[in-house]
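K.L.:
Residue-level listing of the chains:
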Amino acid sequence: MSVIYLLITISIIVALLFLYAFIKAVKQGQFDDDYTPSVRMLFDDETKPNDNKTNKD
Amino acid sequence: MNTHNCFHCGLIIEKKEEIVFEQKSFCCNGCKTVYEIFSLNGLTDYYNFEKAPGATPQDIKGKYDFLENEAIVNRLLDFKEEHTHIISLYIPHIHCSSCIWILENLHRLCPGISSSQVNFHEKKARILFNPQVVSLTQIVYLLNSIGYEPYISLDNYDSQKKNVDRSLIYKLGVAFFCFGNIMLLSFPEYFEVEEYWLDNYRGFFRWLIFALALPSFIYAASGYYVSAFKSIRAGMLNIDIPIALGLVVMFVRSTVDIVFGYGSGFFDSLAGLVFFMLLGRLFQQKTYNFLSFERDFKSYFPIAVTKIVGGQEIAIPVYDVVMGDRLLIRNSELIPVDGILMSDTTSIDYSFVTGEAEPITKKSGDKIYAGGRQMGPVVEMQVLSSVSQSYLTQLWSNEVFAKKDNRTYKTLTDTISRYFTPVLLLIAVVSFSIWIFIDTTTAFNVFTAVLIVACPCALALSAPFTVGNVLRIMGNRKLYLKNATVIEQMAKVDTIVFDKTGTITTNKKSEITYQGEYIDNKERAFIKSLLRGSNHPLSRRLYEFLPASQLLPVDDFKEVTGKGIQGTIDGFYIRIGSAAFVGEEPDTVLQTNVHISINRNYQGKYVFDNQYRDGLGELFAQLGKGYELKILSGDNEGEREILQSLLPKGTELIFNQKPEQKLAYIEQLQQQGKNVMMVGDGLNDAGALAQSNVGISISENVNVFSPACDGILDASQFKKLGWFLKFSKNTITTIKLSFTLSLLYNVVGLSFAVTGKLQPLTAAIIMPLSTITIVSFVTLMSNYFARRR
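Keeping their order, the protein sequence lines are chains A and B.
If you're matching positions, the first sequence starts at 1 in my numbering and goes up one per residue.
If you're matching positions, the second sequence starts at 1001 in my numbering and goes up one per residue.
Please note: incorrect hints may appear among the correct ones.
[As the list claims (entries may be wrong)] Residues from chain A shown here face chain B by an in silico Cβ test under 10 Å; the list is partial:
#	residue
1	Ile4
2	Tyr5
3	Ile8
4	Ile10
5	Ser11
6	Ile12
7	Phe22
8	Lys27
9	Gly29
10	Asp32
11	Asp34
12	Tyr35
13	Leu42
14	Phe43
15	Asp44
Because the hints were derived from the structure by calculation, they are not lab data.
For each residue, glycine too, the CB sits at the ideal point set by N, CA and C.
Between the sequences and the hints, there should be enough to build the whole structure, so can you do that?
P.N.:
This is the structure in structure tokens:
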């Protein structure tokens, strides 16, 4: 049954890794702007220059 | 496609000025040019994200010449290397996804730009460029040519890299980590099953939970201990005291429990409590990053000025201006320092500094003061003092204005907690002393259980969540408040003081249009010459509006009070005045008109656009019922009568007020025990705004400038001021109701605690349950009140 020690230790270590990743992300400023990225991801990667005649609203 | 609105900027197109290009209509050449730039570069996707997202480019020739000066540029840059420069530019026009898209595709318009990134909330674009290919000036001009003029002011010049305070997010992360893991590890204990392996590993689980609780208890909750300690030292009982007390007792009791094997302790509740309360803090921490509530003259001042040295114009930083310099001030530029006017004549608009609406005419040799806006053509001036010694700067550093708001407001939560803490301690002591006669161990358990279960988590959460939600709702409706306490202050207001110029009137004042038969230049000269003799405010305004022309001698000039003026010029008999005066039917529409007749033939009328804000009459009628209204104006008494007709009877009108007098007036009202809200706009109101209980600044463009204040209201929403005040009152009602609700939970919890039956599981259920009900209750209530008219 002592496998429980191992399993829980591993699970806590995994959780700690996520906490570390979170703190690192905050430090890099990834949480400073919570709006722009959500819009940015919707843009097409590359718009075709000749496409503009058809793109009317 | 909508043919009535400009394809680029969405403004309504005047039929005469419509420009059609590629089957799209534009309101002006500027908008068409922007479209051309985009379509040439294959960037017309810009128009697909949002309808008519653009702005008309302004004429900024010469305005940014100072960016050629390397010293200035260096102060502005974030990062500098031979091939890469990074600059963050504040661009007020950023407002939609199209803006983000075009600004992040700048590299396709300009090869020197390698990439750009937009921060929408801060309205900033961070641009990476190669200085050997493109200069900062070119980038600024490019931005302007596509309608995104950056705003560069003296504020940028001094700004150090601001350290963003992210500690709350770190704490929240740690608290959630602890909370989640403790909850998982606590589950076996909740069911109290007598099982071999559970008994065997109980110690391991408990000590692991203890270890996980430590970061939450020590680091994540640290803010509460600090705040509780501070408030005890200040002799005030705030809500953080029972919270900190509850947390400490919870931790000590739980530790004792697991050390002596009494039970599993309350670490799960502890970690949950910390997490939820931090969440509440985060929710309340709604800030409008792109707005600054502490702005001073610096963000109003230009960063550089044009100096004339030996006939050459060079841009120098405004701080480098010294006595004796010769400066060139263009139209609508700000005068940065006190000096002497060298050019012939000009008019200077001091409305922002003094509240005086009319521009003042200055002649060569007159002294001109910093802070005025130059309204005439290009002028030259001789500097008399440095920037820091100018009248405006000194006014600003004047003690009265520098007086920071030190008054500590007692918030609603503080008021409740003043009673809450003693009552809580009383219950704990009483139940302890009763139980001590029955059973000593239970007595200690009861004592700690009371402090644990009564830990006012829900109570502490209700105000932040309500206020946070309300701040968001108000922000969506364009009233941006500095922080949460402003709402409580707003609800208490009983007197509202309005500034006149720029607040209840709009700044765009000289909107005069002519309707009627065509009048030629000669006739216009007649009108102007006749107007010259009259001192009536309308005459003065019309006189200034008409183009300069040769003034002719007037014969038989006569002014009929309240009606108009008449006279003969060059054989023409001219009458200017009310409709009846020129022999027309009286006006039916409520407009200010000045009618013209020449030789008894009716010509037409000059229509004065109502310069008062929309819905002013209704707003005052609405506010007049519940509030004492006052008008403070830096202007003269010229408009007393018009104002009196708009305002409810008995409204006090005070004119010719200097900034210091305004401040003193507010102070005097406060000494009479009134809660004053000041609504103002300019630098001249800054002192009054700071002194008042709630200072609201009205701004035509919230991004540009407003004096230090508690809230910024978009000018278009001015008529909704009454609604905002009512909403703030309802907010307080919501908070009070939620207090009652959370106190009920406390009563239930306490009934478990005093009878000695509090199990860790009960605590673990009551705590999140109360939190969730309170949070959903206040959110629903504030949204309901927001929808109500």
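K.L.:
Return the numbers of the hints above that this structure violates; sort them in rising order.
P.N.:
4
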